[in-house]
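If you read the sequences in order, they're chains A and B. If you're matching positions, the first sequence starts at 1 in the numbering used here and goes up one per residue. If you're matching positions, the second sequence starts at 1001 in the numbering used here and goes up one per residue.
Hints listed in this document are in silico derivations from the structure and should not be mistaken for laboratory results. Computed from a predicted structure; not experimentally measured. Ideal Cβ placement from N, Cα and C applies to all residues, glycine included. Take the hints with a grain of salt, since some may be wrong.
Some chain A residues flagged as far from chain B (calculated, every beta-carbon gap over 12 Å) [unchecked claim]:
(1) Val83
(2) Val221
(3) Asn558
Below, in silico cross-link-like pairs of lysine-lysine (DSSO-like), each with a Cα-Cα straight-line distance of 27 Å or less [stated by the list, open to error]:
(4) Lys1074/B <-> Lys608/A
(5) Lys1117/B <-> Lys161/A
(6) Lys1040/B <-> Lys161/A
(7) Lys1022/B <-> Lys232/A
(8) Lys161/A <-> Lys1089/B
(9) Lys284/A <-> Lys1040/B
(10) Lys1117/B <-> Lys232/A
(11) Lys1116/B <-> Lys1042/B
(12) Lys1089/B <-> Lys124/A
(13) Lys449/A <-> Lys663/A
(14) Lys380/A <-> Lys1117/B
(15) Lys1022/B <-> Lys1074/B
(16) Lys147/A <-> Lys1089/B
(17) Lys435/A <-> Lys509/A
(18) Lys366/A <-> Lys320/A
(19) Lys1116/B <-> Lys1022/B
(20) Lys663/A <-> Lys453/A
(21) Lys1117/B <-> Lys633/A
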Amino acid sequence: MSIDLEQFHETFYEESFEGLDIMESGLLELEQGEVDLENINTIFRSAHSIKGGSGTFGFTAVAEFTHDMETLLDQMRNGERSVSVPVVNTLLSSVDVLRNMLNAIRDGSEIDADNVAEMTSAIKSILGEEDNAPVSSEVEKSELVAKGWIVHFTPHLDIMKTGNDTVRLLRELNSLAESAEVVVDNSSLPPLSELDPEDCHQSWCINLTGNDVNEESIREVFAWVDDECDLKIEPLVDENSYAGPERRDVEDTDRRTKVPERRATERRTGKTTESSSIRVNISKVDELINMVGELVITQSMLSRFGELDEFNDNTLDRLKDGLAQLEGHTRELQESVMRIRMMPISFAFQRFPRLVHDLSATFDKKIELIVTGETTELDKTVLEKIGDPLVHLVRNSLDHGIESPADRVKAGKSETGVIELSAFHQGGNIIIQIKDDGAGLNTQKILSKAKEKGLVASDERLMDESIHDLIFRPGFSTADVVSDVSGRGVGMDVVRRNIRELGGAVEVKSTPGKGSVFTIRLPLTLAILDGQLVGIGEETYILPVISIIESLQVKTENINAVAGNAEVYRLRDEYIPIVRLYQVFGIKPISTDLESGLLVVVEAEGKKIAIYVDDLLGQQQVVIKSLETNFRKIEGLSGATILGDGTVALIIDIAGLIDLYQKDMASIVVPIKGAAA
Amino acid sequence: MATILAVDDSASMRQMVTFTLKGAGYQVTEAADGQEALTKAKSQQFDLIITDVNMPVMDGITFIRNLRGEANYKFIPMLMLTTESGMDKKQEGKAAGATGWIVKPFNPDQLLNTVKKVLG
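Here chain A stands alone, though its shape is the one from the complex (with noise of 0.2 Å):
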């Protein structure tokens, strides 16, 4: 019978990566000095589990290289070996090896051997048995082969008692030779009365003959049963065989447990990092499940009324209900497949105590990391393209924020920086901060290496969340030396544009000596948003409810034109510039006089603008559809839809939009607020 294992590697590889991450995060708290045993415990388990499932699904270079690991946390579970720093680094970094490869191995790379090896080697070091190379796995054979076998079988009085049954045994000693005499020894029975028949009275003596039998093959037999019987294995004399050899520990048996040869390959093709599939709760699907009922129900309520010749308002009335529960019901359905693909924000967290630790070794600065709201859900999606701009983020806090320790005591603060990564909910957007408490931004510095860039001109005067700003846009970096860590060819414009295909969008308060805030807004999902409809012309945009801050009739004693052809609107103390969406668009409008239409006053990233449009539709959820991969990517445009009348609705990027807003005005960047004229 042959079973394809491959149908296992997919699950094998998830539990495997959860298992790392579990040994990672145990590793770490290790680290913090609380030795907890159950916590060793955990991280053995999950070593353990690599180890076996990588043996048996033929990953034999992962399983020999987490062998000795296991070897080594056996130790520091038994308490042969204490918990140091160094061990711990290197149980870390062997971690690391143990990703790569199986990294390599899920997408059929190769595997980077060099690395395996200095790890195995460091761990054996530390095991004290540098060349003490594998147990070598040929254990030599015992090629004796006599004509046939005297096997004196004596099980103990309690050899049942462990499930083990003797005439089994003696079935299967039976199947190995040719032939089998079977002598039973019943001399110490006890009378009937006497017996009790959960014990074993009986003794056989066994004569085997067949040229293949080995006494390998027979110890194997007994080897379940090695300390519950005495066994006595003698080779049927010949003259040319050899005179039969001491009976030996039955440790032999362990050689079967090797390996059979393996298909030598470990690749596989074709597969892509992102995993594919996703665990679902299972109360999550009875959810779905029951919805599905509902609906089926109400379906089957409202095809009655296709049945129907005429409609009396009674019928009307119950039509109309029966509607009503589609939409309650449709909602609810799709507000339940949602949720299957929310998933703990832990998951993008959890790199992070070890990112940090590694990091703060890097710099030599000594950082504190908390992290809250580690199970609040997001999309996978968003999930799983969030975790390398929050790195980033990170890492520029440890690198940029957090001054070195010496300055901190300098400046009246603790030595230990902190860094705090949480993540909320707020209004219908997922929040996620990340927060240090080191020097803050240099404003003098970027403005000047803003000006040097010529990313603004040199006269310019700008308000400091501005200069903030100007972090975010492509070719900045405030790095004096380019170092390993931040210096990698992406920059903070990266950030902001991975932020921004996923409908969010990322700004950052700071305060000089107090430290910076960056603050990342995203949406719940990617695939549904809540819209307003508005009407320029005869075309529909839709705008997300969440940007939007309040609509407004046109008063024209607020509007004021200021350079150029720009013209900004008061509202109470700020002066927020309008954009005509017709003019960005092109599209013919209804009016272009601004006190017949509307100002939908919108902000992105602490920006505001106000948008004029001819009129509000209606607000709705609306399914977003790619531009991208039905059309192609414009500026100012998150996607498309389609309406209920089948008709196609733009959706408006509001950050984008501002952006290509700044772009035209370019003289006039930033509105100035508060100074009313």
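Starting from the known structure of chain A, fit chain B onto it as the hints suggest.
Relative to chain A, chain B alone:
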């Protein structure tokens, strides 16, 4: 057909064991740790137990010791899945009442052969 309880905290191992045994016509119930296994074994009679050793909540050896104490499982074969390095574990398991062991890594054929042997 014989019923088997397969206990392992690793989903891939459980899948593999279950798939293999079901393919050979056995009825298989899964459990992810010793505690869960104990509950299941008490509510339904199994003809064979196959259990991993290292598991959270309740390890395989404790599970075997507990189950062996049950009258219904006095003579039921219980096999541990163990690694070659674990000779002391084997002894510990035997002392707890394990019938024998299957050494990891194993392939489906080895597993089936052992199970057939034990179930006769």
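Evaluation of the provided hints:
1. Val83: 19 Å, holds
2. Val221: It is violated; valine 221/A is separated from chain B by about 9 Å at its closest Cβ, not greater than 12 Å.
3. Asn558: Label holds. Min Cβ-Cβ 64 Å, cutoff 12 Å.
4. Lys1074/B <-> Lys608/A: Not OK: lysine 1074/B and lysine 608/A at ~77 Å, beyond 27 Å, violated.
5. Lys1117/B <-> Lys161/A: 18 Å, holds
6. Lys1040/B <-> Lys161/A: 22 Å, holds
7. Lys1022/B <-> Lys232/A: 38 Å, violated
8. Lys161/A <-> Lys1089/B: 18 Å, holds
9. Lys284/A <-> Lys1040/B: It holds: about 24 Å lies between the C-alpha atoms, which stays within 27 Å.
10. Lys1117/B <-> Lys232/A: This hinted pair holds, its Cα atoms lying about 22 Å apart.
11. Lys1116/B <-> Lys1042/B: Distance ~24 Å between lysine 1116/B and lysine 1042/B Cα, so the pair holds.
12. Lys1089/B <-> Lys124/A: 23 Å, holds
13. Lys449/A <-> Lys663/A: Roughly 20 Å between the alpha carbons, so the hint for lysine 449/A and lysine 663/A holds.
14. Lys380/A <-> Lys1117/B: This hinted pair is violated, its Cα atoms lying about 47 Å apart.
15. Lys1022/B <-> Lys1074/B: Holds, at roughly 25 Å.
16. Lys147/A <-> Lys1089/B: 36 Å, violated
17. Lys435/A <-> Lys509/A: Distance ~10 Å between lysine 435/A and lysine 509/A Cα, so the pair holds.
18. Lys366/A <-> Lys320/A: Distance ~65 Å between lysine 366/A and lysine 320/A Cα, so the pair is violated.
19. Lys1116/B <-> Lys1022/B: 13 Å, holds
20. Lys663/A <-> Lys453/A: Within the cut-off at roughly 17 Å; holds.
21. Lys1117/B <-> Lys633/A: 65 Å, violated
Checked against the numbered hints listed earlier, the structure breaks hints 2, 4, 7, 14, 16, 18, 21; every other hint is satisfied.
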